[in-house]
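Q: Spelled out, the chains give:
There are 2 protein chains.
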Amino acid sequence: MSATAIAINAALSTAAYCMTVRMIPRFRGMFIKANLFGKDLCKKDQPQVPESYGVVIGCVFLVSMFIFIPVPFAFDEAAATDAVTGGKPDTFPHDKFVELIAALLSICCMIFLGFADDVLDLRWRDKLLLPTIATLPLLMVYYVNYNSTTVIMPNFARFLLGTSVNIGPLYYVFMGMLAVFCTNAINILAGINGLEVGQSLVIAGSVLVFNLIELSLGHQVESHAFSIYFMLPFFATSLALWKFNRYPSQVFVGDTFCYFAGMTFAVVGILGHFSKTLLLFFLPQILNFLYSTPQLFHFVPCPRHRLPKYDSKSDLLHISTTEFKLEELNPLGRLMVTILRKLKLISWQEVSTDGLVRTNNFTLINFVMVLFGPTHERVVTQILMGFQVLCTLMALIIRYPLANYFYTETSR
Amino acid sequence: MSATAIAINAALSTAAYCMTVRMIPRFRGMFIKANLFGKDLCKKDQPQVPESYGVVIGCVFLVSMFIFIPVPFAFDEAAATDAVTGGKPDTFPHDKFVELIAALLSICCMIFLGFADDVLDLRWRDKLLLPTIATLPLLMVYYVNYNSTTVIMPNFARFLLGTSVNIGPLYYVFMGMLAVFCTNAINILAGINGLEVGQSLVIAGSVLVFNLIELSLGHQVESHAFSIYFMLPFFATSLALWKFNRYPSQVFVGDTFCYFAGMTFAVVGILGHFSKTLLLFFLPQILNFLYSTPQLFHFVPCPRHRLPKYDSKSDLLHISTTEFKLEELNPLGRLMVTILRKLKLISWQEVSTDGLVRTNNFTLINFVMVLFGPTHERVVTQILMGFQVLCTLMALIIRYPLANYFYTETSR
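Residue numbers (my numbering), protein chains in the order written: chain A, 821 to 1232; chain B, 821 to 1232.
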């Protein structure tokens, strides 16, 4: 039964946590020697901090999962060894087995590509291409095992499109984009100590809570058990990393971690059949992406780095800024900036009489300081993690009581 | 049918070759910037050469294979989409599907670990551990799909042990060790321009010839088609790498390539059920390993590097040497050295009257120069590749006419 498998998975995860906590300090020298380190710009002495530690916990995660591979099938009656021939019977759930392996292939591929990105410093277009490549095996398995591309419509749209719509290949595009989104969304809400791992821990915790609620309700038991198999070791290894990555950071996590985390979430969302619910848990990342669009798509000048500015006297972070003349933006940029200013979502300072203005860079991190003024780095991370928890609670409220309003049957 | 799948695979491999040839020169700057380069010590000007290019061709290989995943099943009647439900029928060969995915997982994991080794410079014991970890998914799939651990005995041993012996868990140990052996065997027969890729090309070519012979004989069609699916893109991407890695090397391949190549061979050997034949193709690597043992296990002093010495005046390679006193070796070491000397397999020079002697380092590369005297680097690689071809021919002779003598039925 899956309860036993989950218990074994929990034990493996605990072991993985202990191992990771021991391993992380030991690798420091190796990373520094390999030129994998960065300066922590938001500290007085700007210490050298080893970078790309996502690769260490990614490896521990993979090893734990490799050892776990046989477990879900060892307690499955249909998978029990045929006593007569000593071989596997025809009832062995090969379809479940291949899901597990393909999910691991996608995650392994993403950790590898993330590490290659950290070492080789790939270009932006590669960063969008890589998750797409790494999702291919996953989509293949989805195609072979389900190929269900039907989307259940909310009530208000049913008079237009019917109860459900088969969107065919678009569904695969959606799933591919989900992986691209998850990996990059975590990567752009980043840059201060502990934030990447902190948000991933909250999301992983949210997914675990959601899986447990669904399991207790008896919904889709296999899918949610499948999700738990991945989330527990991910949570455990990330927690170990958090111990060293939270303020003040002893190690940085690198793109490797963001890609690893994003892909793991995308995998459980897709193969656990709760990709819409997963997106609810990504609300802060979605807001950060929307808030960033004027700069990401260059409607507003975007400096190379948009990290907050560190003031060594007060040990606080201040907003980092960008300057432009409103009338020099194109119409869409002007509209965006005007709306954001009206809603008081950006700071606004007129620098000179000829129309040059200075606003904060459009990131959620800077927005925290627009709201609260100069803030300590540790507190910024705490505020953003708190917001992430709040969003999860909201997501669960939307998912449960409100879903009945929007959908006659509960959709998955 | 598998002929169509092989044709598509060949087309994909050709595309992969063209892409790799274009990509390799473009990445040079990125590798140098990332500190991934080494000095070519066997050249007059000791140029800086970018290192770890195995990672580039590994990625192209993985992408080609990801795209190829659906192909073998698209032409399989049992896998054809059920026209009524639009879903996959119960006859879909999930067991074959999972083999393909698990094989890719093992290879992807090995490329990743190889690259991590190149960047982080892992310790020796990790180098033995890594292939074992990467083989786990493969062994899991073998267990689930076959769990056939029976070894067919050669005729001369049948009176002792019967026609076949079930060696149980030992068979898994054998397969795990095969992966460790294949990855490290290529890694230790290395160090001069083009040798790693050259030997891998010959082995891949040998495997392909063997697969085609077996296919034409109608033996184990599925297994050998499976092997070809991996060997063609591997051969194509390696050939592209060879263009840049052969004398004089413009790029180095790194441990990444050796691990990638070794794992790919182990995968096709294990899942294609011809691991014994595969070992025959590794004869030069086995000889190199055996010849190296006195130094690898420290019966004889082993310097940090055992590469041949470059003489810039003549532009030729000379043997590199080690010095010791015969009576100071332990008895086993003394025995080994005495036998090697009697068989004239090592050079022998008495340095001083107190028994200090100088011999070549015990590698196949140095042995070439013991035989032929100082030799040009390009020629050494050619000699060793020629020897590899010779061994393949011998292997095919052993495999075909002689197998009938040793085994009443042809064993796999």
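Calculated from the structure, these hints are not laboratory results.
For each residue, glycine too, the CB sits at the ideal point set by N, CA and C.
There may be inaccurate statements among the hints.
Unchecked claim - Some but not every residue of chain A turned toward chain B, in silico, with C-beta under 10 Å:
hint	residue
1	Tyr-992
2	Met-995
3	Phe-1117
4	Leu-1176
Stated by the list, open to error - Here chain A is said to cover these stretches of chain B; the calculated rule only asks that three of the stretch's residues, wherever they fall, bring their Cβ under 8 Å from a Cβ of chain A:
hint	region
5	840 to 854
6	911 to 918
7	953 to 963
8	1046 to 1055
9	1061 to 1067
To be verified - DSSO-like, lysine-lysine: derived pairs with alpha carbons at most 27 Å apart:
hint	chain 1	residue 1	chain 2	residue 2
10	A	Lys-853	B	Lys-853
11	B	Lys-1129	B	Lys-859
12	A	Lys-1096	A	Lys-916
13	A	Lys-863	A	Lys-1129
14	B	Lys-1063	B	Lys-1162
15	A	Lys-1129	A	Lys-1096
16	B	Lys-863	B	Lys-1133
17	A	Lys-1096	A	Lys-947
18	B	Lys-859	B	Lys-1133
19	A	Lys-859	B	Lys-1096
20	A	Lys-853	B	Lys-947
21	B	Lys-859	A	Lys-853
22	A	Lys-1162	A	Lys-1145
23	B	Lys-916	B	Lys-1096
24	A	Lys-916	B	Lys-916
25	A	Lys-1129	A	Lys-1145
26	A	Lys-947	B	Lys-853
27	B	Lys-863	B	Lys-853
Q: Could you run down the list of hints and mark each one as holding or not?
A: These are the hints, each one checked on the structure:
1. Tyr-992: Interface hint status for Tyr-992 (chain A): violated (12 Å vs cutoff 10 Å).
2. Met-995: 15 Å, violated
3. Phe-1117: Since chain B brings no Cβ nearer than about 26 Å to Phe-1117 (chain A), farther than 10 Å, the hint is violated.
4. Leu-1176: 36 Å, violated
5. 840 to 854: holds (count 5)
6. 911 to 918: holds (count 5)
7. 953 to 963: holds (count 6)
8. 1046 to 1055: It is violated: at least three residues are needed, and the region 1046 to 1055 of chain B offers just 0 whose Cβ sits closer than 8 Å to chain A.
9. 1061 to 1067: Since 0 is below three, the answer is violated.
10. A:Lys-853 / B:Lys-853: Distance ~15 Å between Lys-853 (chain A) and Lys-853 (chain B) Cα, so the pair holds.
11. B:Lys-1129 / B:Lys-859: 14 Å, holds
12. A:Lys-1096 / A:Lys-916: 22 Å, holds
13. A:Lys-863 / A:Lys-1129: Cα-Cα ~11 Å, so holds.
14. B:Lys-1063 / B:Lys-1162: Between Lys-1063 (chain B) and Lys-1162 (chain B) the Cα gap is close to 41 Å, so the pair fails against 27 Å, i.e. violated.
15. A:Lys-1129 / A:Lys-1096: Judged against 27 Å, a Cα distance of about 36 Å means the pair is violated.
16. B:Lys-863 / B:Lys-1133: Between Lys-863 (chain B) and Lys-1133 (chain B) the Cα gap is close to 11 Å, so the pair holds against 27 Å.
17. A:Lys-1096 / A:Lys-947: The given pair, whose Cα atoms are some 24 Å apart, holds under the 27 Å limit.
18. B:Lys-859 / B:Lys-1133: 19 Å, holds
19. A:Lys-859 / B:Lys-1096: 52 Å, violated
20. A:Lys-853 / B:Lys-947: Given that 27 Å is the threshold and the Cα spacing comes to 19 Å, the pair holds.
21. B:Lys-859 / A:Lys-853: Satisfied, since the Cα-Cα distance of roughly 18 Å is no more than 27 Å.
22. A:Lys-1162 / A:Lys-1145: Answer holds: Lys-1162 (chain A) to Lys-1145 (chain A) is near 17 Å, not above 27 Å.
23. B:Lys-916 / B:Lys-1096: Status holds; Cα separation ~22 Å.
24. A:Lys-916 / B:Lys-916: 14 Å, holds
25. A:Lys-1129 / A:Lys-1145: 22 Å, holds
26. A:Lys-947 / B:Lys-853: 19 Å, holds
27. B:Lys-863 / B:Lys-853: 22 Å, holds
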